[in-house]
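Trainee: Going down the list, the protein sequences come from chains A and B. Following the working numbering from start to finish, the first sequence increments by one per residue and tops out at 117. Following the working numbering from start to finish, the second sequence increments by one per residue and tops out at 235.
These aren't lab readings, by the way, just hints derived from the structure by calculation. Heads up, a few of these hints could be off.
With a cut-off of at most 25 Å between alpha-carbon atoms, the simulated PhoX-like pairs for lysine-lysine come out as follows [what the hints assert, rightly or not]:
{"id": "1", "chain 1": "B", "residue 1": "Lys-188", "chain 2": "B", "residue 2": "Lys-174"}
{"id": "2", "chain 1": "B", "residue 1": "Lys-170", "chain 2": "A", "residue 2": "Lys-104"}
{"id": "3", "chain 1": "B", "residue 1": "Lys-174", "chain 2": "A", "residue 2": "Lys-104"}
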Amino acid sequence: AQKVTQAQTEISVVEKEDVTLDCVYETRDTTYYLFWYKQPPSGELVFLIRRNSFDEQNEISGRYSWNFQKSTSSFNFTITASQVVDSAVYFCALSGPYGGATNKLIFGTGTLLAVQP
Amino acid sequence: DVKVTQSSRYLVKRTGEKVFLECVQDMDHENMFWYRQDPGLGLRLIYFSYDVKMKEKGDIPEGYSVSREKKERFSLILESASTNQTSMYLCASSLTSVGLAGGPRELFFGEGSRLTVL
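Looking at chain B on its own, in the form it has when it is part of the complex:
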């Protein structure tokens, strides 16, 4: 069965701390994504990666960075956590479409990491 695993379901951190959120997928997917989910705002894309060591900014990259050293692992880093980063963080992965106009493939999501910054 396909699986996206996020290392922590719940985290509580203090303002200014460095926070690492880890995500591992076992499906050999090329693409990996980090989303943030907030009530009334839906899912917003923070960063994505289409290959090892490649990364692209999403819609809300400020205050975040990412790392993809291996194909299966995509890490989200909060360099200095702030209270407005309290949120649910969702990792996802997908295959790359066959052909230029094949449209995006479906995303497979992890269970999410709920981060509270005090």
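Next up, chain A with everything else stripped away, as it sits in the complex:
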């Protein structure tokens, strides 16, 4: 069975601090996809990244970076020099290898990040 665990329920940091959001997954598929979404207070989830299991290179996009480690089944998300606008709930999600709507995303329970000014 597929499962995503985000053990950190809430994190509070002060602006300009670096923060890492943890994501641990379980799957029996050899090909799978991992996602991160951001849900700001407005409520609309926003797509951040999609990564397949064969691409183990870390990704950096501005202040955001993602560390994918198959050995520990983790796909952690780091925000460098956090800003108040980063305050949101962040969800990690997992899917199997197939395309189409029948390949469901399994979401973690989310991590609420509060960045204090």
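Mind docking chain B on chain A? Use the hints.
Mentor: Coordinates of chain B only, in the frame set by chain A:
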């Protein structure tokens, strides 16, 4: 700019009422989804649709039904609302992947409909 629009941000209904939640997307996406979001439980899939008039049950379909008469519109129906259906409801859409093993494409979400059933 791509857009998923949910008709109501906040609704208050009484137990036993029939409730309609509407969702429209303007991206010509094949796939549409209804999720429910509850604290500590993350997002759980209620129903999804991969084509007009097609629907598939998600993980928690009990007490819900859906309708997709047009490609751009996907409605969630609570036939007889109950207090345990008080929740945030999120609609999403996506393109279908190219190729069988292309994996799911990213979801585009609406802003959510917060339903309170009294």
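Trainee: Work down the list of hints and note, for each, if the structure agrees.
Mentor: So, going through the hints one by one against the coordinates:
| no. | hint | in the structure |
| --- | --- | --- |
| 1 | B:Lys-188 x B:Lys-174 | holds (18 Å) |
| 2 | B:Lys-170 x A:Lys-104 | holds (19 Å) |
| 3 | B:Lys-174 x A:Lys-104 | holds (11 Å) |
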